[in-house]
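Novice: Residues per chain, in single letters:
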Amino acid sequence: MSELYKMTIEEAGRLLRAGKLSSVELTRAHLERIRALDDKVKAFTLVTDDLALKQAEEADRRLRSGEQVTPLTGIPLAIKDVICTKDITTTCGSRMLENFKPPFHATVMERLNAAGAVMLGKTNMDEFAMGSSTEHSAFFPTHNPWDLERTPGGSSGGSAAAVAAGMAMGALGSDTGGSIRQPGSLCNVVGLKPTYGRVSRFGLVAFASSLDQIGPFTRSARDAGLIMQVISGLDPRDSTSSPEPVEDYTAALTGEIKGMRIGVPVEYWVEGTQPGVVKTVRAAIDTLRELGAEVEEVSLPHTRFGVSAYYIIAPAEASANLARYDGVKYGYSYRDTDEMWEALEKTREYGFGQEVKRRIMLGTYALSSGYYDAYYKQAEKVRSLIAQDFTEAFKKFDVLASPTSPSVAFRLGEISDPYEMYLQDVFTIPADLAGNCGVSIPGGFSDGLPVGLQLLGDFFAEGKILRVADAFQRVTDYHTRWPQGF
Amino acid sequence: MIDRQTVIHIAKLARLGLQDEEIDVLGQQLSVILENIAILQEADVSGVSPIAHASRLHSIMREDIPQPSYPPEVLLANAPEQEEQCLKVRAVLEEA
Chain Y
48 MSELYKMTIE
58 EAGRLLRAGK
68 LSSVELTRAH
78 LERIRALDDK
88 VKAFTLVTDD
98 LALKQAEEAD
108 RRLRSGEQVT
118 PLTGIPLAIK
128 DVICTKDITT
138 TCGSRMLENF
148 KPPFHATVME
158 RLNAAGAVML
168 GKTNMDEFAM
178 GSSTEHSAFF
188 PTHNPWDLER
198 TPGGSSGGSA
208 AAVAAGMAMG
218 ALGSDTGGSI
228 RQPGSLCNVV
238 GLKPTYGRVS
248 RFGLVAFASS
258 LDQIGPFTRS
268 ARDAGLIMQV
278 ISGLDPRDST
288 SSPEPVEDYT
298 AALTGEIKGM
308 RIGVPVEYWV
318 EGTQPGVVKT
328 VRAAIDTLRE
338 LGAEVEEVSL
348 PHTRFGVSAY
358 YIIAPAEASA
368 NLARYDGVKY
378 GYSYRDTDEM
388 WEALEKTREY
398 GFGQEVKRRI
408 MLGTYALSSG
418 YYDAYYKQAE
428 KVRSLIAQDF
438 TEAFKKFDVL
448 ASPTSPSVAF
458 RLGEISDPYE
468 MYLQDVFTIP
478 ADLAGNCGVS
488 IPGGFSDGLP
498 VGLQLLGDFF
508 AEGKILRVAD
518 AFQRVTDYHT
528 RWPQGF
Chain F
6 MIDRQTVIHI
16 AKLARLGLQD
26 EEIDVLGQQL
36 SVILENIAIL
46 QEADVSGVSP
56 IAHASRLHSI
66 MREDIPQPSY
76 PPEVLLANAP
86 EQEEQCLKVR
96 AVLEEA
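Top line first, the protein sequences correspond to chains Y and F.
Counting from 48, one number per residue, gives the positions in the first sequence under our numbering.
Counting from 6, one number per residue, gives the positions in the second sequence under our numbering.
Be a bit skeptical, because a hint or two may be false.
[As the list claims (entries may be wrong)] Not everything, but these chain F residues come out facing chain Y in the computed CB check (under 7 Å):
1. GLY22
2. ILE42
3. LEU45
4. PRO55
5. ILE56
6. PRO85
7. ARG95
Hints were generated in silico from the structure; no laboratory data involved.
Think of the CB as a built atom: it goes at the ideal place given N, C-alpha and C, for glycine as much as any other residue.
My request is simple: use the sequences and hints to build the entire structure.
Specialist: Following this line, the structure appears as structure tokens:
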């Protein structure tokens with residue numbers, strides 16, 4: 048067992064429960080990986096060594112006694128730094144929260160802790176989850192293990208890169224416009240955005256509350272199901288969390304997709320999608336057909352309005368959510384004045400980075416007098432149309448298949464125009480607006496760089512998309528490949 | 006499309022301080038973004054109701070059960086400045 052980091056959560060869990068491996072060994076192996084590799088990748092904003100080893104010892108005690116043992120007991124995971132961890136710095140990739148220690152745990156953390164999971168540390172991200180490359184982190188950019196000169200995608204780039212490099216067995220991220228699926232695609236890992244309301248948002252620092260969802264990164268679809276099983280479910284502290292019963296995700300993975308109806312949205316192959324991506328994803332869809340799925344084209348006619356509607360709605364909500372950063376209650380505070388308004392404005396000027404400022408400005412503009420109907424109201428109506436597209440499609444299809452991202456990992460610094468960066472999320476945004484679930488899985492490679500296959504499902508159809516993902520992974524080996532030098 | 010005056014006005018609404026050079030850059034960037042977003046107006050939304058969220062739930066209420074809250078010192082632990090278990094702010098009203 049010299050390469051413990053290469054195991055899946057399922058494999059490691061089996062050894063842990065059989066007493067053939069200890070969580071302390073497994074955790075140490077990952078902390079050593081972090082020490083050896085994270086200078087290059089920069090996936091973590093904080094490594095919580097001592098806590099991890101303490102949690103691992105406790106997990107080993109549970110494993111020995113057999114009490115409260117779950118599939119995640121003793122499994123080392125990384126957590127995106129937008130998720131509140133009690134008394135542990137939660138920065139959101141921002142100067143504003145550089146020293147912020149939440150007084151409580153997010154619900155997902157309470158659930159992971161109760162399950163006996165081990166937290167290795169907090170992962171880097173675009174500031175306040177706004178971005179598609181992790182270059183908007185106020186601290187440093189994260190590098191893609193598949194090519195260190197390229198971005199891991201974003202905003203959950205640190206989580207995706209940590210899993211891709213074997214520095215964590217799994218991770219949590221958050222998806223508002225594609226921030227789990229797109230980095231999953233660029234880093235060759237599984238990234239699942241649950242149905243809106245499936246996972247509690249309590250303790251997730253708010254970006255756009257009507258869109259945000261927490262979800263897992265893993266190397267296998269099966270592992271994503273194991274994490275989903277623990278973090279999903281009703282939470283009285285999040286009024287948008289759903290009372291819908293949580294299905295047994297492992298049981299959903301039958302390996303059988305014969306007769307499943309898979310729709311291929313014709314609008315998801317827009318001009319500008321790289322030919323290598325198109326070719327790879329077409330081949331991946333052919334594999335699903337060979338497995339017995341009935342594959343047919345489908346139209347989601349309002350797709351072309353998705354990015355525009357999103358870039359009104361998300362910044363509008365962000366401008367309201369980020370109004371709380373006033374330098375009074377917590378976070379960065381400009382002290383060099385006695386004047387109240389100046390203190391407030393300077394706190395926000397120095398505490399926020401460029402992309403956050405841009406979105407606050409855009410959102411404030413869209414909500415301001417004279418523009419509200421033309422922008423915000425119109426965007427909400429278009430959001431209805433996009434949701435209807437999916438409702439119609441899922442009457443006929445079980446799952447929709449498409450590329451996750453129009454491109455493979457791009458170079459750090461390559462995209463400097465803000466709007467061009469926004470287009471990275473053209474295939475992921477519609478599901479966020481509508482609220483349905485989606486997963487990106489390793490779908491193949493184009494010139495040595497990973498290409499993600501996106502599988503979209505109806506509300507609470509996580510089991511179905513994972514079933515297709517798992518069936519695909521049973522006959523392909525893309526998800527088991529490792530980046531060179533790792 | 007978004008001139009200097011508009012940027013200054015919006016920044017004021019958002020209580021966001023900006024350096025002088027940021028004003029021009031933001032104006033230009035926001036103009037490009039809004040030009041691209043303008044295709045929203047091409048969508049036929051006649052008879053369509055707006056939706057404000059992706060949730061399929063309505064008016065969820067929690068049981069109203071009294072329970073202890075956090076101690077003040079825990080909630081104030083991140084405060085930049087405090088006095089007698091209160092957040093301290095700068096004077097809101099000027100002295101006459």
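Novice: Each hint: holds or not?
Specialist: Structure-based check of all given hints:
1. Nearest Cβ of chain Y to the Cβ of GLY22/F: about 3 Å, under the 7 Å cut. The hint holds.
2. The restraint placing ILE42/F at the interface with chain Y holds, with a minimum CB-CB distance near 4 Å, inside the 7 Å limit.
3. About 5 Å separates the beta-carbon of LEU45/F from the nearest beta-carbon of chain Y, less than 7 Å, and the hint is met.
4. The beta carbon of PRO55/F comes within 3 Å of a beta carbon in chain Y, closer than 7 Å, and the hint placing it at the interface holds.
5. Checking ILE56/F against chain Y: minimum C-beta separation of about 5 Å stays under 7 Å; hint holds.
6. Taking 7 Å as the C-beta cut-off, the interface hint given for PRO85/F holds, the closest approach to chain Y being about 4 Å.
7. A hinted interface residue such as ARG95/F counts as satisfied when its beta carbon comes closer than 7 Å to some beta carbon of chain Y; here the least separation is about 4 Å, so the hint holds.
In terms of the numbered hints stated before, the structure departs from none.
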